[in-house]
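Visitor: Sequence:
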Amino acid sequence: MRRLALIPLAFSLAATGAAQAQSLESRLRSQLVTVNGRLQDLQNNQASLIAAKTTAEAERDALKRRLAAAEARARGARPASDGAELARYKALAEQADQARGQGETDLAAARAEIAQLTTQARQDRADRERSSAALAEAMAKSEAARAKNAQAIAVAKEILVAYERVTIADVIARREPFIGLKRVQIEKLEQDYGDRLYDSRLDVPPKPAAAPQAQ
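If you count the sequence shown from 1, position 81 lands on 81 in my numbering, and the numbers rise without skipping.
Bear in mind the hints are in silico, worked out from the structure with no lab data behind them.
None of these values were measured; they are calculated from a predicted model.
All C-beta atoms, glycine included, are put in the ideal place defined by N, C-alpha and C.
Do not take every clue at face value.
[As the list claims (entries may be wrong)] No farther apart than 16 Å at their CA atoms in a straight line, the calculated lysine to aspartate or glutamate pairs in the EDC-like style are these: (1) LYS157 with ASP192; (2) LYS64 with ASP97; (3) LYS90 with GLU59; (4) LYS188 with GLU158; (5) LYS64 with GLU104; (6) LYS90 with ASP61; (7) LYS64 with GLU94; (8) LYS53 with ASP124; (9) LYS53 with ASP127; (10) LYS53 with GLU129.
[What the hints assert, rightly or not] Derived CB-CB ranges, DEER-like: (11) LYS188 with GLN31: 48 to 54 Å; (12) ALA147 with GLN46: 50 to 56 Å; (13) ALA126 with GLN46: 42 to 48 Å; (14) VAL161 with ASP127: 31 to 37 Å; (15) ALA84 with GLN40: 46 to 52 Å; (16) THR55 with ALA109: 32 to 38 Å; (17) GLN102 with ASP41: 47 to 53 Å; (18) ASP127 with GLN98: 42 to 48 Å; (19) ALA144 with ALA115: 39 to 45 Å.
Let the hints inform the model, and build the full structure from the sequences given.
Guide: Here it is, written out as structure tokens:
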């Protein structure tokens, strides 16, 4: 009877493990979707930063050319006006350099975050694969427990029916050695029930299918 009581308990534990594995897989799937979305946003932002950096570098180069031209004119006949223009171009060139530097800083930060999220996404995928494997294993154990439970219940029902049909003659036949045939039949029946109960244990692998007999 104790063995029969352990079968439903094992089935319950297997079902609980399957539910927990399925819940973990759902959380990992949701987390992976979030990380992939953030990664896509950062990649789009990286493209924008690269475009802004290219524009800032082009503006800087243009301002440097204008600055060189202003410096050449400043060495000419009108130093006062050209000096003011030279100062203006220098200020603009410095602003362009600052914008380029900020763009490079933002781009480096975006690349670092992309690398971090890429690593996290890979880890989430690996965790999800492990969770899927655990879920499959838990479901397989749950199905095995369900089958063993049904097997044990069926044997228990047969035993109850057999005991209900026991008569006084059966009891006497079981105890009296001289009634050999009936005693052998009863012992064989008991052995059969014992074997079937043993087979219904969770730690007993299923028996291989019998090989087909040659015609």
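Visitor: With reference to the structure, classify each hint as holding or not holding.
Guide: Structure-based check of all given hints:
no.: 1; hint: LYS157 with ASP192; result: holds, 14 Å
no.: 2; hint: LYS64 with ASP97; result: holds, 10 Å
no.: 3; hint: LYS90 with GLU59; result: holds, 13 Å
no.: 4; hint: LYS188 with GLU158; result: holds, 15 Å
no.: 5; hint: LYS64 with GLU104; result: violated, 19 Å
no.: 6; hint: LYS90 with ASP61; result: holds, 12 Å
no.: 7; hint: LYS64 with GLU94; result: holds, 10 Å
no.: 8; hint: LYS53 with ASP124; result: violated, 33 Å
no.: 9; hint: LYS53 with ASP127; result: violated, 38 Å
no.: 10; hint: LYS53 with GLU129; result: violated, 40 Å
no.: 11; hint: LYS188 with GLN31: 48 to 54 Å; result: violated, 59 Å
no.: 12; hint: ALA147 with GLN46: 50 to 56 Å; result: holds, 54 Å
no.: 13; hint: ALA126 with GLN46: 42 to 48 Å; result: violated, 25 Å
no.: 14; hint: VAL161 with ASP127: 31 to 37 Å; result: violated, 51 Å
no.: 15; hint: ALA84 with GLN40: 46 to 52 Å; result: holds, 49 Å
no.: 16; hint: THR55 with ALA109: 32 to 38 Å; result: violated, 19 Å
no.: 17; hint: GLN102 with ASP41: 47 to 53 Å; result: violated, 20 Å
no.: 18; hint: ASP127 with GLN98: 42 to 48 Å; result: holds, 43 Å
no.: 19; hint: ALA144 with ALA115: 39 to 45 Å; result: holds, 44 Å
Violation of the numbered hints given earlier is confined to hints 5, 8, 9, 10, 11, 13, 14, 16, 17; the remaining hints are satisfied by the structure.
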